[in-house]
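Line order of the protein sequences matches chains A and B.
For the first sequence, our numbering puts the final residue at 451, and the numbers step up evenly by one.
For the second sequence, our numbering puts the final residue at 913, and the numbers step up evenly by one.
It is worth saying that the hints were derived from the structure and are not from the lab.
Just to be clear, a hint being listed does not mean it is correct.
[Stated by the list, open to error] The calculated lysine-lysine pairs, modelled on DSS-like cross-linking and capped at a C-alpha distance of 27 Å, are:
#1 A/Lys448 x B/Lys565
#2 A/Lys55 x B/Lys539
#3 B/Lys582 x B/Lys565
#4 B/Lys550 x B/Lys565
#5 B/Lys565 x B/Lys539
#6 B/Lys539 x B/Lys550
#7 B/Lys752 x B/Lys550
#8 A/Lys55 x B/Lys752
#9 B/Lys582 x B/Lys550
[To be verified] Stretch-level coverage of chain B by chain A, calculated; a stretch enters the list once three of its residues show a Cβ under 8 Å from a Cβ in chain A:
#10 532 to 540
#11 838 to 845
Source: prediction; values computed, not measured.
Backbone N, C-alpha and C fix where the C-beta goes; we use that ideal spot for every residue, glycine too.
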Amino acid sequence: TQSIVVQVGQCGNQIGSRFWDLALREHASVSRRGDFDDSLGTFFRQQPGEGQALKARAVLVDMEEGVVGELLKGRLRGVFDHSALITDVSGSGNNWAVGHCEYGLRHREALSESIRRCAEQCDCLQCFFLLHSMGGGTGSGLGTAILQLLRDQYPEVYRFVTAVYPSEDDDVITSPYNSVLAMRCLTDYADCVMPIDNACLAGIAQRVQDSGRTAAGSSAAAGAAAKDAKPFDAMNSIVANLLLNLTASARFSGTLNVDLNEISMNLVPFPRLHYLLAAQSPLSPALPPRRPDQAFNESFGKEAQLFSAEPRSHLYLACALLLRGRIDLSDVRRCVDRLGNRLAFADWNPDCWKIGHCAVPPAGQQFALLSLANNTAIGASLHLLGDRFSRLYKRRAHLHHYTQVDGFEAATFDSAFASLNDLREDYAALERRHAAGASAEPPLPRLKIAS
Amino acid sequence: YQRSFKAGMSIVTLQLGQCGNQVGHAFFSSIIEDLASGDCRRATSGRAVTETDDAYSEVSRNRFFHCTEAGQQQAMRARAVLCDAEEKVVAMVTEDAAKSGCWAYANNAKVCLKRGSGNNWAQGYRHHGPKCWPNLSEIVRRQAEASDRLDGFLALMSLAGGTGSGLGTFVCEQVRDEYPEANLISGLVWPHSRGEVSVQAYNSVLTTAHLTAACDALLLFENDRLQDACERRLGLARVDVGHLNAMIGHQLGAILQPACGVQSAAAQGPALGGIAASLCPHPDLRLLQLRCLPYASERAKEFSGFAWPGLLRHLRQMLLAGAAVEEGLDWRQDAALTAASGRQRCFASRLWLRGLGAGSLCPADWEQHLLLPELHPAWLPQSDRLTVCRTGRPYRGYERACALVSNCATGADTLDRSIARAWSMFAAKAFVHQYARFGLEEAAFLDCFAAAEQTVFNYRNL
Numbered sequence: 001t002q003s004i005v006v007q008v009g010q011c012g013n014q015i016g017s018r019f020w021d022l023a024l025r026e027h028a029s030v031s032r033r034g035d036f037d038d039s040l041g042t043f044f045r046q047q048p049g050e051g052q053a054l055k056a057r058a059v060l061v062d063m064e065e066g067v068v069g070e071l072l073k074g075r076l077r078g079v080f081d082h083s084a085l086i087t088d089v090s091g092s093g094n095n096w097a098v099g100h101c102e103y104g105l106r107h108r109e110a111l112s113e114s115i116r117r118c119a120e121q122c123d124c125l126q127c128f129f130l131l132h133s134m135g136g137g138t139g140s141g142l143g144t145a146i147l148q149l150l151r152d153q154y155p156e157v158y159r160f161v162t163a164v165y166p167s168e169d170d171d172v173i174t175s176p177y178n179s180v181l182a183m184r185c186l187t188d189y190a191d192c193v194m195p196i197d198n199a200c201l202a203g204i205a206q207r208v209q210d211s212g213r214t215a216a217g218s219s220a221a222a223g224a225a226a227k228d229a230k231p232f233d234a235m236n237s238i239v240a241n242l243l244l245n246l247t248a249s250a251r252f253s254g255t256l257n258v259d260l261n262e263i264s265m266n267l268v269p270f271p272r273l274h275y276l277l278a279a280q281s282p283l284s285p286a287l288p289p290r291r292p293d294q295a296f297n298e299s300f301g302k303e304a305q306l307f308s309a310e311p312r313s314h315l316y317l318a319c320a321l322l323l324r325g326r327i328d329l330s331d332v333r334r335c336v337d338r339l340g341n342r343l344a345f346a347d348w349n350p351d352c353w354k355i356g357h358c359a360v361p362p363a364g365q366q367f368a369l370l371s372l373a374n375n376t377a378i379g380a381s382l383h384l385l386g387d388r389f390s391r392l393y394k395r396r397a398h399l400h401h402y403t404q405v406d407g408f409e410a411a412t413f414d415s416a417f418a419s420l421n422d423l424r425e426d427y428a429a430l431e432r433r434h435a436a437g438a439s440a441e442p443p444l445p446r447l448k449i450a451s
Numbered sequence: 452y453q454r455s456f457k458a459g460m461s462i463v464t465l466q467l468g469q470c471g472n473q474v475g476h477a478f479f480s481s482i483i484e485d486l487a488s489g490d491c492r493r494a495t496s497g498r499a500v501t502e503t504d505d506a507y508s509e510v511s512r513n514r515f516f517h518c519t520e521a522g523q524q525q526a527m528r529a530r531a532v533l534c535d536a537e538e539k540v541v542a543m544v545t546e547d548a549a550k551s552g553c554w555a556y557a558n559n560a561k562v563c564l565k566r567g568s569g570n571n572w573a574q575g576y577r578h579h580g581p582k583c584w585p586n587l588s589e590i591v592r593r594q595a596e597a598s599d600r601l602d603g604f605l606a607l608m609s610l611a612g613g614t615g616s617g618l619g620t621f622v623c624e625q626v627r628d629e630y631p632e633a634n635l636i637s638g639l640v641w642p643h644s645r646g647e648v649s650v651q652a653y654n655s656v657l658t659t660a661h662l663t664a665a666c667d668a669l670l671l672f673e674n675d676r677l678q679d680a681c682e683r684r685l686g687l688a689r690v691d692v693g694h695l696n697a698m699i700g701h702q703l704g705a706i707l708q709p710a711c712g713v714q715s716a717a718a719q720g721p722a723l724g725g726i727a728a729s730l731c732p733h734p735d736l737r738l739l740q741l742r743c744l745p746y747a748s749e750r751a752k753e754f755s756g757f758a759w760p761g762l763l764r765h766l767r768q769m770l771l772a773g774a775a776v777e778e779g780l781d782w783r784q785d786a787a788l789t790a791a792s793g794r795q796r797c798f799a800s801r802l803w804l805r806g807l808g809a810g811s812l813c814p815a816d817w818e819q820h821l822l823l824p825e826l827h828p829a830w831l832p833q834s835d836r837l838t839v840c841r842t843g844r845p846y847r848g849y850e851r852a853c854a855l856v857s858n859c860a861t862g863a864d865t866l867d868r869s870i871a872r873a874w875s876m877f878a879a880k881a882f883v884h885q886y887a888r889f890g891l892e893e894a895a896f897l898d899c900f901a902a903a904e905q906t907v908f909n910y911r912n913l
């Protein structure tokens, strides 16, 4: 099966560029001969003709020319199809309405065309990955317009979103507006969302740097990577590695493969509650290897979280453990048992685990673990976001920037905020129910057979 | 002599889903190893042994493989159908078989879809099943017709996922419709109770509810028990999926390889049919447990020689204690205690004795251990409670080995746990929308819950 990456806006394209770079390296290290095989085919296709160049299954969208322009001048320029680039010049001014309504309308045809061309080159398209940030205008606004388009035109294909949320100290004043407006679209149109927080990424990048080891020993490739490194590369690489770990099982073989459609099936018990908290161990492939027990502990600790949330002190609805590399069944069972005893799961399924194992570890590592948790901790973060939104909205600050955009209705603010609150309430209700225990609501009695 | 043995009855194995294919491969590997161990024996033994072994090999080969002469070599093609919702595992299993050099899967015996079932029973049952059935039914027919006489089908699948369980259920129902005369036994692998897949309880209940109606018998393999058994018997701190699959393969071989005095007409009777007839005559009671002794790593095999009384004594205690392994048994648990607890109420059992001196045992030797009046319902005639198959030909190099398949309440306990978990999820409406997406509505869920509860009820009231 194949997947298409749609990278939108400055942040989305920066993450995307690290992803494609690392994906190529990973496949190169696994398949020495460089043959084109099914695993490469998940994200790449071969250009028919001379040389059979590898082309990424990607659509690049930005309303400014800066980041995409850089990509096309850089090392990866040959990997992208020129028909898969949708750009404009003036940017979205950190305005969701401009991104969603104005550019969403103006570029709808071109986007639809680009995506269709990519989709036709797939034998069996399983998943769209959308990469974007929530706080700005393009990634947030146009990104969600694209998400809606994907839902309308490809309803059977899964939509996974990697969304970078603005931190508390974000310098874009209107980022709460943009985030809440975008969030409503994520709740309504995405199958799974992995929220990411820049503050967490920065923390992890710092820890990696402090640990002092360079990437994958002192190989030439690592040296080259270090030389070309741009600011934020380390942070963006963390997200890129998340995507590689998430898709490893779909790309390579293993005794317990986890396909992408299984992620959605196993982690989303209620349709709108599809926000998954991600954590990885080791924090980066550049760090020293972890023993399985250490890796399990680390990935459930606070420091490995990619979003500002504390899942351990909240309620787990479901949790996936995607393992890569060498680990035995006995080790897995033991670690899961231990974790299960320490973590609080919803009472309707205290063993709500999904375990996957891919035989191929990340480059330079023996073993890695990605955990994806559907956890009510996100409710707390939504609470903060809602507050930041309210503080602005109550004063009607900056609203005219949005309402003056053609196609944007003021009521959208209210419905988006309502959607956010509904979501918060859903998570809170689950926590309340769990806290009250069986006494509050007696369990539904099982069917009885008449004798 | 030669021709008449070729007319023995064949079993076609349906490898459904990732686990089903891996277990199927382990099963055929066990058969091959068993045949090879016979070759060693023949090399050093006298004529009587050789004749028995020759007959055994002949029947076994014909039962599980389609043998053709290709030049000097005899090419053995497994009587198997491989089906999965994606290609990776089937490809791996096919390649591994061919690597062995002595057997392989038939070239045209596989059906793979392009995309997986997402652990979604409904997607497997309502979408992938019907989609691949036209191709699959052709392949099944070809395999069925390649047998002179068809005993029936052995369907292998896991319950946790979406393909084995969902598509597997659909395929079993279709096979039952198209081959009403053939025996159909399914080997079901139950996931670890501490979670491999979030929705495994749903998938397990949905499958069991359907298959108790469609199949003649359900052989239950539980990952928890298998892992425990492998760790103890192989003395390994670390066990992987391959070990579990190898154990299942070994156990299946122990009950499906020829027995009952291979040179007699009985040997040509149906193996699957024998199990179904002796153990599951009643449609309400179809859950079977399998226990097999001894089992050891290659190195330890030499030292695992037991005498028949010892083996039978252990089997009996495993039955009484509801255990999967002969180590760490609770020997205080006696028949009276067990009967009082109602836990191991046993409808019927079938015993296989394979190895030196099996032929010289008399009924009293095994009845004293395994025919326990406290365990069986009073209305079941004595003669129906325990049937025995035996052969002097050792299995896989074990001097003496035995296997016991029981239709007993242990399986109902496992099912009961799954129902409890699935029901609490259903009451909270957890994951229900995922199944609805593929057309499985609440009413269908309720029907399956009812059928599963009925099965548990049947066993609790044996």
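Between A/Lys448 and B/Lys565, does the CA-CA distance stay at or below 27 Å? Violated, at roughly 42 Å.
Pair hint B/Lys582 and B/Lys550, alpha-carbon separation not exceeding 27 Å: violated (31 Å)
Given pair status - B/Lys752, A/Lys55, alpha carbons within 27 Å: violated (54 Å)
Keeping to a limit of 27 Å between CA atoms, is the pair of B/Lys539 and B/Lys550 held or broken? Holds, at roughly 17 Å.
Need the status of pair B/Lys565, B/Lys539: alpha-carbon distance at most 27 Å? This hinted pair holds, its Cα atoms lying about 10 Å apart.
For a C-alpha distance cap of 27 Å, please report whether B/Lys752 and B/Lys550 respect it. holds (25 Å)
Going straight from one Cα to the other, do B/Lys582 and B/Lys565 come out at no more than 27 Å? OK: B/Lys582 and B/Lys565 at ~11 Å, within 27 Å.
27 Å limit on alpha-carbon distance, applied to hinted pair A/Lys55 and B/Lys539: holds (23 Å)
Count the residues of the stretch 838 to 845 of chain B whose Cβ falls closer than 8 Å to any Cβ of chain A, and tell me whether that reaches three. Answer violated; 0 residues pass the 8 Å Cβ test.
When I compare C-beta atoms, does the stretch 532 to 540 of chain B have three or more residues closer than 8 Å to chain A? holds (count 4)
Restraint check for B/Lys550 with B/Lys565, where alpha carbons must lie at most 27 Å apart: holds (25 Å)
Of the numbered hints given earlier, the model fails hints 1, 8, 9, 11; all others are met.
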